[in-house]
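K.L.:
Letter by letter, the chains look like this.
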Amino acid sequence: MDFELDAEQIALRDAVRGLLTKGSAPESRSEVASTEPGWDTGLWKQLAEMGVLGLPFAESDGGMGAGPIEVMIVTQELGRALAPVPFIAAVAVAGQLVAHAGSTEQRADILGRLSEGTAVPVFAHVEPRSRWSGEAYSVLAEQDDDGWRISGTKEPVPYGAAADILVVSARVDAATRLFLVDPEQSGVQRTGYRNHDSTRSARVAFSAAVATPLGGVDAAAIADVSVRAQAALCAEALGAMERAVDMSVDYLKTRKQFGVPLAAFQALTHRAADMYVSLELARSMALYASMALAEGPADPVIAARAKLQIGRSARHIGQEAIQLHGGIGMTAEYAVGHYASRLVAIEHSFGDTRHQLGVLAATLTDHDVVDVLH
Amino acid sequence: MDFELDAEQIALRDAVRGLLTKGSAPESRSEVASTEPGWDTGLWKQLAEMGVLGLPFAESDGGMGAGPIEVMIVTQELGRALAPVPFIAAVAVAGQLVAHAGSTEQRADILGRLSEGTAVPVFAHVEPRSRWSGEAYSVLAEQDDDGWRISGTKEPVPYGAAADILVVSARVDAATRLFLVDPEQSGVQRTGYRNHDSTRSARVAFSAAVATPLGGVDAAAIADVSVRAQAALCAEALGAMERAVDMSVDYLKTRKQFGVPLAAFQALTHRAADMYVSLELARSMALYASMALAEGPADPVIAARAKLQIGRSARHIGQEAIQLHGGIGMTAEYAVGHYASRLVAIEHSFGDTRHQLGVLAATLTDHDVVDVLH
Amino acid sequence: MKLQLSSDDAAFQQRMRTFFTTEVPQEIRDLIAAGRHLSRDQSVATQRLLNAHDLAVPHWPAEWGGQDWSPLQRHIWQQEMQLADVPPPLAFNINMVGPVIAQFGSQQQKERFLPPTANLDIWWCQGFSEPDAGSDLASLRTTAIRDGEDYVVTGQKTWTTLAQHADWIFVLVRTDPDAPKKQQGISFLLIDMATPGVSVRPIELIDGGHEVNEVFFDQVRVPAANLVGQENRGWDYAKFLLGNERVGVAPTGQTKALLARAKSYAADSLADGTTLLDDPLVATRIAALENDLLALELTQLRVVANSEEGKPHPASSVMKLRGTELQQEVTELVVDLAGPQSVASFAGDDSELPEWVKVATPTYLNYRKASIYGGSNEVQRTIIATSILGL
Amino acid sequence: MKLQLSSDDAAFQQRMRTFFTTEVPQEIRDLIAAGRHLSRDQSVATQRLLNAHDLAVPHWPAEWGGQDWSPLQRHIWQQEMQLADVPPPLAFNINMVGPVIAQFGSQQQKERFLPPTANLDIWWCQGFSEPDAGSDLASLRTTAIRDGEDYVVTGQKTWTTLAQHADWIFVLVRTDPDAPKKQQGISFLLIDMATPGVSVRPIELIDGGHEVNEVFFDQVRVPAANLVGQENRGWDYAKFLLGNERVGVAPTGQTKALLARAKSYAADSLADGTTLLDDPLVATRIAALENDLLALELTQLRVVANSEEGKPHPASSVMKLRGTELQQEVTELVVDLAGPQSVASFAGDDSELPEWVKVATPTYLNYRKASIYGGSNEVQRTIIATSILGL
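Protein chains in written order, with this note's numbering: chain Y, 1 to 374; chain Z, 1 to 374; chain E, 1 to 391; chain W, 1 to 391.
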């Protein structure tokens, strides 16, 4: 049992952190997000050159063959920097879907281009009126002599207006299947917009759009990749929370009011202490999620456990970070509000707190105690 | 709209407070509770002489003809003093059941003796495995040629071992009916014990015990009196919370640590401020419950609203009062722990917080907003 | 004790309800209900409508348009306005500068300013906060130096709400830097925003909106006739103003209206084949919030039903603290109801997401301010601890 | 990074589990599981059994019975003990005075005291707290004045846990009242409770139990040979002791075991024709608590898996604070599960209430102490704010 990074992992962390430190500040996020594609294309290229975009994919697919720990390291750094890149959407979600479900050719093509930074795939899955689940509801796929056609609307689709490749979930009879759709066809209509967290999304409407099945009929891919996505989101949130706590502590030390630093007010320092507790509990669970993935099959219960804690810590820390900053924390010119906003978005992606509680409540009778030592 | 007591009500409050101030201190409660009957018989007599025990009953039944506001005033004072008397059990619950459901003769007899302080009736209703509800489950009543017989076990029955008259809920076919049972008969076996809050309860086992129906078959009486009991419990809790907050504030002012009064620690004074908020919210709802009763029919939804707030405030204030006192708050020699203990008991009587939430959740679609002004 | 309204008050309530739900244009009320902001013109038109019906400044002195209402009636007026999604008259005008001018201004100032202030012919903004002051308002640094018939004002204000719409600003300025205490030597000035040397810089907030501003004063010449009351007594007027501010500070009606809408959102949201309102976790959360709001409203009613004029009820300090907590909790609930779509706050008109989903998160983020502005909740706790509990 | 146990550690875990679940008498474990207290004899017998199997003092130096275990193995030992409802060895002996004597005591003291301390032949109690000190431990007033070969001790200790069972007490006394700082001039003494002048007064707690005491010292003559380490250096030893105390301070295993029982209580409680465990509010509350405990246990594992000897891991300060919060939340849950019967705490043997219902509220009330004793949670927050966050 060992919770520390090894030397190679530390080197990866330092390299990514070094790159991001040179990048744009969190408070300039909204500018990047205000137009398509909504990400920092220069930074994306640099991440590709560093090999980061191919991190979790097999070398035979053009990737680096690294594992969940490395994805965790990268997303945690992206979270710390609030870096405006679609790493989760393209690599952790869509890329891993292709890696898990795609045919050899599909993997080599899409993951190769993704790893090189020349194509961004995203997962078009959430529908305008769906809660989080692994199912498609109103988007339907039909087969005729010419192949498959997809109709219906997905929204919000992360970076859906600028993505080069859409992985689309669609209903076929009672089942949900995955398809690849080229967005540059007349049957696909896309409207992009900025999200509150200065990422971008799109409404993507399909009218008998030409689609290719992703690999075979691997319904487990969504569940499996959801677990991986949640682990990555937990790590990103951890990075964001680290910075939100750091900034709040620094502010208490330096900001003066009534002639003394805010740190002289015990009511504030005790609340900072509670934020630290939230952070450390979140850290433990974020590590747990990725370590469990690195050592065993994707377990949705472990993902729910981690995401539940991260959701609660994120809400607590996001709210308190703004409150301890006072008015300045409310402004877009200052970074802390951007962290809070991103934490809200993460909490509501891939299953919010209420969803995770439901998942866990359903498992209560499976065990006497939750065992972690084995 | 007026939330203040009138002159007569203030006089009642002052008279009861004056009497209780001369009585025993809260921290001597456990001594009184350690033996039967479990209440201060001298104080009970004085309350009878003051007319308090007949307060809510019609003058024709031997009572004072006062209303819910007066009951609220008395129970709030009893709560402030943690007075060791069975006022809620005997007057607010069993007495009011008799008043609502009893025949003219039953009312005159029982309420007359109760008002004089010569007999204590209690309600034997909760069963060893029941949650809070208005129903009897395992205690059954059967009729033969000689009349009614009751069998089964009620537990815990407040002051059940010392009570002179038992009002018993029992199942008759699918319905719950009320009966009067003389505990001094061979078919009734009683074992009394002290409760954690220094009241007393008993296991009361009935084996074909002779029983007399209480009045007609008024199934509504339990629901109606539950509402009245909840209003009284809210008022008692309010009194207890007032004292718990006062004591905590006094302690912060007087207790020194690290060379300064505890009141110098902002983390503590801000928590005291939150206790005050809890107290004032509880006060508003306790007043509401009794005022609504005084002006209209017994409304279980209003009772649930009040009891929900009181339950939450009671838990918050009880826990914080002990915490702010530190070690001394843990001791039976000091009053604050007794207040906390009594608040726990009130929260779990006549429907706990979870129960009240359930009642209210079921009403959500009945209204857009909760209207109080009308 | 009496819970029910008197027949007079009940009739008053009915009159208010009827006016607000029938006389105020539906499209204005729909915008408020949708959580959207009004344009300047819409705000002005609405306040003028209220003022035309003597409903804009009921708490002002009678000679300036006030009504002889009891505190309870004023509360009913406010509740019914909020429950009907009617935008309230501009607080800077009717709760802040108006009462200060009416109480402390010269006769000339009253005649010049009060009628257009009530009618929103003048849009006021508030110049109190400064960048380095925070909750310590009295440490302000903007100076006003007397020069002939003018004051020359130099300095910077911040968090100035809707300064971009404002015609005039009322400011606290330091007129005596040598006063022994920081609360002394402060004066209360009225400044025309069109005066040379006044400039406004927008501050973008985390919800993406433009609500507050920085206001800069660079050698701005202000006629001495625009001094309210006495020089160096401005802190007294500010305290008077802040005391008034707190009365209307718990918008329980507005929060109730939002919670009622949240309930309809939940009933309209499908989850696993049923609606979110059928989910016991959601239903009990809403029930608890309804109850929390009721407890707060009853506390507010205790204050208004039994308050002597001018004497603050001890429970009033609870209102700001608890009122903002509940406001925030309800906005938090709405984000959770919006679920995975809650991210899409700036989706356009062709989006298939309901309008409420789009405003959910910006509203949540925006209302984080509620526990910061107007005396942070930490300041409120300190007030309760010291003024009420004597700690 | 590695989540799974090494095969050695897994085997170690299995060995512990087997021992605790098969070698410790079932009736002892049942008492603990029922939330009841052991008699003195039962506590002594259990610790002697553990000691006989080298499982009482694994963290002591090897020459005094310690085992060469990693911090992770010690954690496993403790977890398995708690999960099996085995009463832990007396903390005053094994975590407090034992390590102090082993580290700072004379060879003679070690030989005299350590073996009977490990075997619970001597039952120790702790004399640190005083009535006027509270969290400010160093302000203690009990004096020890040197008189020939003895110290003469006079003063009062309080909150002395299980002093009624104790043979000996270790106390902090003031030996130099003129020391410039209150932390100086304190010494660490070992006192036989049978010495003339020592008296014990029980303090009844709000759960009705007798767990703590006041201990009075009236001119008690203590041989100077019973001084541990150097005179006036006692504060250093106390800090060493308190540092050790914190390691075992989050009994996650015990809280997990109680929560598992709570789950069975809920499954066994009928409510409206179904069980409480089927109630979504109860089920999600339990699920959330299980998760909270998991997060805490993982944090604890981060500390033990990667801690250097003697160097405290930053996350360790989280343990006491969060550990006691969860302990309290689980006891709170059990009271709520007990419902209307939760009042009947002292019902006798013929009662028809389940045993767990009877102990529910006393346990809840008793565990209010958890956030007070051993450094209150306010003290823990201050430690986090200052030592970790640098505030």
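Honestly, I wouldn't trust all of these hints.
Result set (SDA-like, lysine to any residue): computed pairs, CA atoms no more than 20 Å apart in a straight line [claimed, not checked]:
no.: 1; chain 1: E; residue 1: Lys2; chain 2: Z; residue 2: Asp2
no.: 2; chain 1: Y; residue 1: Lys253; chain 2: W; residue 2: Thr143
no.: 3; chain 1: E; residue 1: Lys182; chain 2: E; residue 2: Leu137
no.: 4; chain 1: Y; residue 1: Lys256; chain 2: E; residue 2: Phe128
no.: 5; chain 1: W; residue 1: Lys181; chain 2: W; residue 2: Thr143
no.: 6; chain 1: Y; residue 1: Lys256; chain 2: E; residue 2: Tyr373
no.: 7; chain 1: W; residue 1: Lys182; chain 2: W; residue 2: Gln156
no.: 8; chain 1: E; residue 1: Lys2; chain 2: Z; residue 2: Lys256
no.: 9; chain 1: E; residue 1: Lys2; chain 2: E; residue 2: Phe12
no.: 10; chain 1: W; residue 1: Lys2; chain 2: Y; residue 2: Ala11
no.: 11; chain 1: E; residue 1: Lys2; chain 2: E; residue 2: Asn306
no.: 12; chain 1: W; residue 1: Lys2; chain 2: Y; residue 2: Lys22
no.: 13; chain 1: E; residue 1: Lys239; chain 2: E; residue 2: Ser387
no.: 14; chain 1: E; residue 1: Lys239; chain 2: E; residue 2: Asp68
no.: 15; chain 1: Y; residue 1: Lys22; chain 2: Y; residue 2: Val372
no.: 16; chain 1: W; residue 1: Lys2; chain 2: Y; residue 2: Val372
To be clear, the hints were calculated from the coordinates, so they are not data collected in a lab.
K.L.:
All hints are to be evaluated individually against the structure, with a verdict given for each.
P.N.:
Hints and how they fare:
1. Restraint check for E:Lys2 and Z:Asp2: satisfied, since their Cα atoms lie roughly 5 Å apart, inside the 20 Å limit.
2. Restraint check for Y:Lys253 and W:Thr143: the C-alpha separation of about 41 Å exceeds 20 Å, so the hint is violated.
3. Restraint check: the Cα-Cα separation between E:Lys182 and E:Leu137 comes to about 10 Å, which is no more than 20 Å; the hinted pair holds.
4. Of the pairs offered as hints, the one joining Y:Lys256 and E:Phe128 holds, with about 18 Å between alpha carbons and a cut-off of 20 Å not exceeded.
5. For a cut-off of 20 Å, the pair hint linking W:Lys181 to W:Thr143 stands: about 16 Å separates their Cα positions.
6. As the CA atoms of Y:Lys256 and E:Tyr373 are separated by approximately 17 Å, the hinted pair is consistent with the 20 Å bound.
7. Restraint check for W:Lys182 and W:Gln156: satisfied, since their Cα atoms lie roughly 17 Å apart, inside the 20 Å limit.
8. At most 20 Å may separate the alpha-carbon atoms for a hinted pair to count; E:Lys2 and Z:Lys256 exceed this at roughly 44 Å.
9. Of the supplied pair hints, the one linking E:Lys2 and E:Phe12 holds, its CA atoms being roughly 17 Å apart against a limit of 20 Å.
10. The straight-line distance between the Cα atoms of W:Lys2 and Y:Ala11 is roughly 18 Å, inside the 20 Å bound, and the hint therefore holds.
11. Proximity of E:Lys2 to E:Asn306 is assessed by CA-CA distance (about 11 Å); at most 20 Å being required, the pair is judged to hold.
12. Distance restraint check for W:Lys2 and Y:Lys22: the Cα-Cα separation of roughly 32 Å exceeds the 20 Å cut-off, and the hinted pair is therefore not satisfied.
13. As the CA atoms of E:Lys239 and E:Ser387 are separated by approximately 15 Å, the hinted pair is consistent with the 20 Å bound.
14. Under the criterion of a C-alpha separation no larger than 20 Å, the hint pairing E:Lys239 with E:Asp68 is inconsistent with the structure, at around 24 Å.
15. Annotation: proposed proximity of Y:Lys22 to Y:Val372 is violated, straight-line Cα distance about 39 Å (limit 20 Å).
16. This hinted pair checks out: W:Lys2 and Y:Val372 have alpha carbons roughly 12 Å apart, not beyond 20 Å.
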